[in-house]
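Student: Take these sequences, add in the hints, and give me the full structure.
This note's numbering puts the first residue of the sequence shown at 1, with every later residue one more than the last.
It is worth saying that the hints were derived from the structure and are not from the lab. Everything numeric in this text was worked out from a predicted model, so none of it was measured. Hints should not be assumed to be uniformly reliable.
If you anchor each label on the Cβ, the simulated ranges turn out as follows [as the list claims (entries may be wrong)]:
| no. | residue 1 | residue 2 | range |
| --- | --- | --- | --- |
| 1 | F152 | P131 | 19 to 27 Å |
| 2 | W157 | E105 | 29 to 37 Å |
| 3 | I127 | S37 | 24 to 32 Å |
| 4 | M125 | E105 | 36 to 44 Å |
| 5 | P51 | D20 | 32 to 40 Å |
| 6 | L6 | E100 | 29 to 37 Å |
| 7 | G149 | M125 | 31 to 39 Å |
| 8 | I127 | R95 | 22 to 30 Å |
| 9 | L6 | L64 | 25 to 33 Å |
| 10 | P51 | E118 | 13 to 21 Å |
| 11 | F76 | I143 | 12 to 20 Å |
| 12 | G68 | E100 | 19 to 27 Å |
Note that the Cβ used here is the ideal one computed from N, Cα and C, for glycine as well.
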Amino acid sequence: MSEVALQQDFLGAFGVLEVDGCVLLAANRRVLTQGESRVRTFDLPGGRVEPGERVEEALRREWLEETGTTIQAVRFLFVQEGIRRVDGVRRYAWRSFFFEVASEEPIAVRREPVPMSEVEGLLWMPIERLPEVLQAPYHAGYIRFRADGQPFQVDTW
1 MSEVALQQDF LGAFGVLEVD GCVLLAANRR VLTQGESRVR TFDLPGGRVE PGERVEEALR
61 REWLEETGTT IQAVRFLFVQ EGIRRVDGVR RYAWRSFFFE VASEEPIAVR REPVPMSEVE
121 GLLWMPIERL PEVLQAPYHA GYIRFRADGQ PFQVDTW
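Tutor: Given below as structure tokens:
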């Protein structure tokens, strides 16, 4: 087993925007398996809560950075908690808060990266296709939440 250093725990805030039976997703490049290269994934817009930031403030900041639009958190949906392991060794814990959001302006699909944006593009995905597109290990809680509505989801990645 390799030596793995503990990292700081992750606290995240993510938004779910549904319009006409579709959910807005952001295209990112992520390392999903230690030692492998980045792969394209689709995620809900959002990200890390910075020190001193409230969860809702982080959600608004991340959403603006990724989509170029402003939002309001309408309703808390659920929290997901988990452990990230590398080679079977606990590396860090993560907690992510998910909110239903409302956009204050229309959001167009972007296929090209936008300067200063952390994402490669945006995609409106039909709700029924989410399980086939959201395949990263950390998406499991969101997919389960859509099925069971439970406000607390636990996963190991």
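Student: Are the hints correct? Go through all of them and say.
Tutor: So, going through the hints one by one against the coordinates:
Judged by the Cβ atoms, the range 19 to 27 Å given for F152 and P131 holds: they are separated by roughly 20 Å. For W157 paired with E105, a C-beta distance near 34 Å keeps the hint of 29 to 37 Å intact. The beta-carbon spacing between I127 and S37, approximately 30 Å, falls within the hinted interval of 24 to 32 Å. At about 20 Å, the CB distance of M125 to E105 disagrees with the hint of 36 to 44 Å.
Between P51 and D20, the C-beta spacing of about 38 Å keeps the proposed range 32 to 40 Å intact. Range check, L6 to E100: about 33 Å between beta-carbon atoms, so the 29 to 37 Å window is met. Checked against the hint of 31 to 39 Å, the C-beta distance between G149 and M125 comes to roughly 20 Å, which is inconsistent with it. Roughly 25 Å separates the CB atoms of I127 and R95, a value that falls within the hinted 22 to 30 Å.
A hinted range of 25 to 33 Å for the beta carbons of L6 and L64 is consistent with their spacing of about 31 Å. One distance hint, 13 to 21 Å for the beta-carbon pair P51 and E118, holds here, with the actual separation near 19 Å. Range check, F76 to I143: about 18 Å between beta-carbon atoms, so the 12 to 20 Å window is met. A hinted range of 19 to 27 Å for the beta carbons of G68 and E100 is consistent with their spacing of about 20 Å.
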